[in-house]
Structures are given as structure tokens and as C-alpha cells.
Amino acid sequence: MAVELTSTKLNAESHLLLDQPLLRLPHELARRNFKSVQRVVEREKEYLIPALKETANASLARTRGPEQTLESLDAMISRMQGLKRKMENLQEEEKKIHMESRKRIQHLQDLYRISSLADVKYEQWSRIRLDRLIVDHMLRWGFSESATQLAQEKEIDDLVDLNVFVQCQRIADSLRRGETKVALQWCGENKAALKKSQHNLEFELRLQQYIEMIRSRQLVEARQHAERYLSPHSETQSREIHRAAGLLAFPPDQNTEPYQSMYSPQRWNFLADLFICTHHELLSLPSHPLLHIALSAGLSALKTPSCHSAYASSSSNSLSSTTSVCPICSTELNELARNVPYAHHTKSYVENDPVILPNGRIYGRERLLEMSKNVALVGEGKVKDPTTGETFDVSEMKKIYIM
Amino acid sequence: MDLVQKEHERLWKRVKSSKTINDVQKTIDLLQAARDTISVDPTKAPTTLAKLQNPVKTSFDAINDDLKETYSGLNKYTKALDKLFKDRPLPSIEYDALSSQPDLINRAIVMHLLREGQFSVATTFLSEISNKKLPAQSGNVEPNCNKGAEAFAIDQFQSDGIRDQFTIMYHILHQLREESNLIPAIHWARQNREALESRGSNLEFELCRLQFVWLFRGRKEQKASVSGRQAALEYARSDFQAFVPRYLNEVQQLVGAMAFYPNLDDSPYRAIFNNPSAWKDVAHTFTREFCSLLGLSADSPLYIAATAGAIALPTLLKLQTIMKAKRTEWTSQNELPVEIPLPPSYLFHSIFVCPVSKEQATDQNPPMMMPCGHVIAQESLNRLSKSGKLKCPYCPNESQPRDARKVFL
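Protein sequence lines correspond, in order, to chains A and B. Numbering-wise (this note's numbering), the first sequence opens with residue 42 and increments by one. Numbering-wise (this note's numbering), the second sequence opens with residue 918 and increments by one.
Simulated from the structure, these hints should not be mistaken for laboratory data. Warning: the hint list may mix true and false statements.
Said to hold, decoys possible - Mimicking EDC-like on lysine to aspartate or glutamate, the simulated pairs with C-alpha atoms at most 20 Å apart in a straight line are:
id, chain 1, residue 1, chain 2, residue 2
1, B, K936, A, D115
2, A, K414, B, E926
3, A, K136, B, E926
4, A, K144, A, E69
5, A, K423, B, E926
6, A, K86, A, E54
Said to hold, decoys possible - Not everything, but these chain A residues come out facing chain B in the computed CB check (under 10 Å):
id, residue
7, N52
8, Q147
9, I197
10, D199
11, L203
12, K232
13, Q249
14, P292
15, H329
16, H333
17, L340
18, L377
19, H386
20, G401
21, S413
Source: prediction; values computed, not measured. For every residue, glycine included, the Cβ atom is placed at its ideal position computed from N, Cα and C.
Make the full structure from the sequences, and use the hints.
Next up, the structure:
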């Protein structure tokens, strides 16, 4: 057997491929949080310092009475208290995010202490990873309740991003219901980051609002809306804007393309998908569930031509206690693996000392004899084929050579 | 990774020691103090306010400096992360065979959850799936959508059956592990005796043997007590009869050990009676047999596949990079282009690679054994056999191609 085929060495560095979002996401959140802090501080600074100056000048020039001075001081104090409250909230959030990152780093660090894939600790680690992947998959498909429950039962709340996905799902759902408000609010919160994005989510949302206005025949409002929100995009979205203008002439009950498809309720699903796409991109989340990435690689790595063969495999089947069922042959994954490519092997891999029975089945000699000994009703000097159940004379076993 | 940890540690300290809020409070205090002064003596207003300008500005500067430091901490951490994941983007899935089959993935997850004994999560998950299905179905009039829902209903029914089975399994395992109670397991093994025997499984005997040992040693891990031995002997009388034909040796050993009870630990029977992993082994065997009778693999396939995936990904990623750089595509459709180094426990089937063509045997191209006992793939055999004769590529033997026989690995 080739040396690398049996390798159990664990290279943690490259093993962490799947775990990038684990650290990236909270980091993105931390950066966003930090930017909010910066923004509120900047805003208050820009208010307070000129205001203070003005009050001082006014008081010096005696254009304002003491009551007015006190009033404006009170206003400043209450604004600063507002700032303090906001900052306290944000700092709380910041600490929470960093605490999470810390635990995640700790979790990944655990992997570096494991040197072999055969280590029991690796199995534990990998099981936690699987739970994480399942939670990720559930969240992305909108099964948030199951995800929450699983995360709690496995105590991996800190390692999965429940809130982020639940919020994302909520906005996507609101779009599917035909509401743009929450999504636009989200766009407002992430204005700066969205500028870099190639998806034009905000434009599409505004366009949808415009379409809805025309649908309810509020043509005047629709034109104003278009002037205000759509025209600024005329450089990049001119085609869409022309179409939008054309829409004015085509009421929803006329079956003329492309206007008909603009009126289509399917557009809401498109918006929801676009939102999810933009959201994931912004938080540097992969577009596919990680479980899919892991599984499609794993299924291929494990799959052999025997897994979907019409003939029962002698080496791995459910008929004998000496073999274990291959995971690809097991009911759970068999159908799923049907369309993935199978693993590449350059060398044959068979049991030691293979023998062949008269029915053409090949087994390791020792395993066959051992197994026949345990099976009831097999007489002395007989062997039983564990797959077909036929019995043969020991002398009928024939040595076979597999290069 | 160490770098990431170090940078994060630094950032964390930074965040914890952040004084920005203190600075804000200081500003508030300043303003408040000024207000108090002015309200007491309004004539001091101009001077107080004039004096206030600089300290307020300073405290804002302090806040900004503080933020700047946090910002540089964040940036350093970003760099550490980038360095850790440099050249390692997540591989893209070009041939995504999975996304089109969400039902199958969900089914696999449900079965995984059941198998792991997470019954309540599985129930929640199933109900969430069916809730999601219903509106989708009513909004869509296509007939095949109905068909999908029907197929899913069958799935659900099936998974109910599987759930019941796994509930039984967990009950038995729980009794076995937590309560040291073998009776439910033995009961199950008796019920399935025929199936187990045809598989050549020793499960029932192993369970009974452990029961004997457990009785023998007495309930509370005391030195083998008289009552314990008595119970064990009675147990052997009543239950071992059935095992005598198959396990005569082992039964003799067990009963023979009776004679050694005072110094069992020095006796040759020590291994049987003092095996700390016996319970774990039996539980493991039990799980394996139980799953096999259901046609399922002993370990969760989802776990194995996901782990194998994580092991395989670096190799596949490298392949992707190379292919992109050389602008080549891989030609073999059904087979991965590279060998994935998996640990030996991840090899389940025997693999036959034809020594002549270097191709893996498939149903269409099965392995064939020549009369000399050497095996090659059928296509190679056809290619080699010209003019009705076939010379083995490995030995001097010559034979007729029709004498070659199909073999099963």
C-alpha cells in the first residue's frame, strides 16, 4: 500500500480550510461595531464643540440670557448622556463578539495540539465540527429553531452564528412577503460597505417599490420616487431605468415582456436571494453551506465503484459481522453520492492472503476461516461464504494473486 | 495560528481596558460642573464657558486616540487572519451535485440526529421542514412538486420507523452503560438470534458471558462473594445450555474459573474477569450489530463523510489551483483525478486496480481471474487475448480467454 494512502498525519494549518468563516464572521462584526462607535463619537463631537463655542461666544457677547445658556448646556449634557448610553451598549456588544472570537480561537487551537487523525481527540474535535456544519446548514435553509436547539444541546452556541443568520433570514422572509422596509433599513446601516459590493441591492429594492407604486396606479408618486431614488444610478443601471420608464405605459394586466416579468411576484424571491447573497458577501461568508463543501469532497474521497454496484461487495456489506458497512453504501448517503465522482486509486487494496471460493468471491483467508468457525451449523472442514451464505469445502478455496 | 491568537489577545486586552466611556463621563462631569457654577452665579458664565472649551476638546481627542489604538489592533488582527488563511480560499464547487438535492441532505441529517440520539432536535427539524414544504406546495401548481411532497411524506414515515429503532437502541445502550444492566441487550439479541447467527456474530454469547462475570464479581465490585458465585452458577445452568455446541471452550473456561475464585487475579482466567474495557467493547459490538441489521453503517456516515471531506479538501484545493494555473481540465468524468490520502480506517471496500490498464474495476469492466490465479480487468483481458489465446502478463501461463472467471471483491 502506498505510504500516503495510510497517512494519518494531521496538518492543522491546511485542515482549517473549512473554518475560515468561524473567525472571519465575528471579526467582520467587530469591525462593523467599531465603525458604529466611531460614527457616534464623531457625530457628537461635531455637534458639541461648535455648540459649546457658540454658547460661550453668545454668553460673552451677552446676546443670551443665563437661562438660555443653562438650557443649551442641559441639551449638551443630555446628548452626551445619550452618547454614553450608546457607547456602553456598543462596548457590551464588542466585548461579546471578542469573547466569542476568543473561544473560537481556543477551539481551533485545540486542533493544533492533535498530531494524528487516529487520535480520539481528533474524533471529538471533528464531531464538534460536524455539529457546527449542520447548524450552519440548518440556518442557511431557515430552520433556525432546529439550529438553536442543536446548538444548545451540544453547547456550541459560541461556535455558531445564530443571531446573524436569524436576522438575515428575517429580512429575507420579509422580502418574500413583499415588504421592503426592513431590507432598506439594513441597506442604510451598511451603506459604506455596500458601495464596494457589486450587487446593486438597494437599486433593486427601490425599483421594486416603484413597480409596486405603478401596480397600485400611483403614477405621480412613482415618477417622483424614480427621480429621487432611481435616477442617481443612471450610469450603471441605464437599461433597467429605461425599462422602468417604459413600465409607466404598460399596466399590470397586459402580457408584454419584459414588463410582465417585472410585475411578476417572482421578483420578490429574486430580491430575497439577492439580499442573502449580498449579506453573505458583506460578512465574508461562503455562498454555499459549508456542509455541502465538506460532503461533496468527502463523498468523492470515500466512494468506490462498488458503492453503487449491482453486485454485493465481499469486503463491505451488512450481511456479515466481520465487515462494517461502508458509509456511502449506508442508506443515509447512498442516493446523495450517486452523482459524485469516485475516488482515484492507483494501487489495489485487498485483504492479506486472498483466496477465491468456487462462486467467484474473494476473501482474506484468515477472516474467512475465523468467521466460519463462529457461524453455527458449519461442519468441520467447511467454509461459509459470508455474503451469499453458501458453504464450501475448505479444499475448494483457491489462492488468488492480485498485483 | 499562534499569531492570530497573540493578536487577538492583544486586541482583547485593548478592548477590556478601553477608557472611552470614562472620557465621555468626564466630559459630562465637566459640563455638569460648569452648569452648576453658572446656575449659582450667572455672571461667571462667560469665563466658565471659555474655560470649558479646551478640556472638552481634549477629552474628545482622548476618545479618538483610544479608538485609533483599537482600530490598529483590529487591523493587526485582520492581517494575522489574512496570513493564516492566505492562499487558502474556500474551494468553489464546480460540480455541485448536492445543492440540487436538499431533501436528501436533510434526510441524511435527520438520520444522523436520530442515530446520535438527538430525538428532540430531529423532531423539531422534521416539523420545520414540513412547515416549509406546505406553503411552497400550495403556491406551486406544478404536478412534480406534489410528487416531491409525497416522496417526502414517505421519507417521514420511514424516518419514524428508524426513530423507533434508534429509540430502542438508545434505551438498551443507556441501560448497558449507565446501569450496567445487560438484560435488555440480551433480550434483543435473543429476539434477533437467527439474523445474528447467520452473520456469524458472537454478540449474544458475549453479552451472556459479561452477565456471568458481572454476577460472579458481585454487584458492588466486592471481592467475589458467595452469593455472587451462587447467582453466576445458577445463571450458567439456566442460560449457557444453548451456547454449549458453539462455545464449548469458553463455557468450560467460565465454569472452570469458579474453582479459582479466591485468587482469580493470579489465575489464567484473569483476562476474562478483569477486563476493564469489556463493557465498552460489548456496547460497541452491540451498536455495530444493531445498525448492521438495519442495513446502516456503525458510525454515522455523515460524520465520516464530513471528516473525510475535511481531510480531502486541501488536496482538492491544490488540484484546483494547479488546474487553473495550467488551464487544463480533468478528463475522467466519474473519477477524481488525484488520490486522496485517507487514514486506513476510512477504507471500507477492497479496491481492485487492474495492473495492466491501471484502471479501477467497475461493473462494466469487472476483475477477471485467469486459470493461473492472476487477476486483471476484463478490458485488458480482451485486449491481450489475440488469436484466441491469452498469455498471462505475470507468469508464463497461457490459457483460453473463455477460461477466465469473473471474481467479486
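Hints breached by this structure: Of the numbered hints given earlier, those the structure breaks are 1, 2, 5, 6, 9, 10, 11, 12, 13 and 14, listed in rising order.
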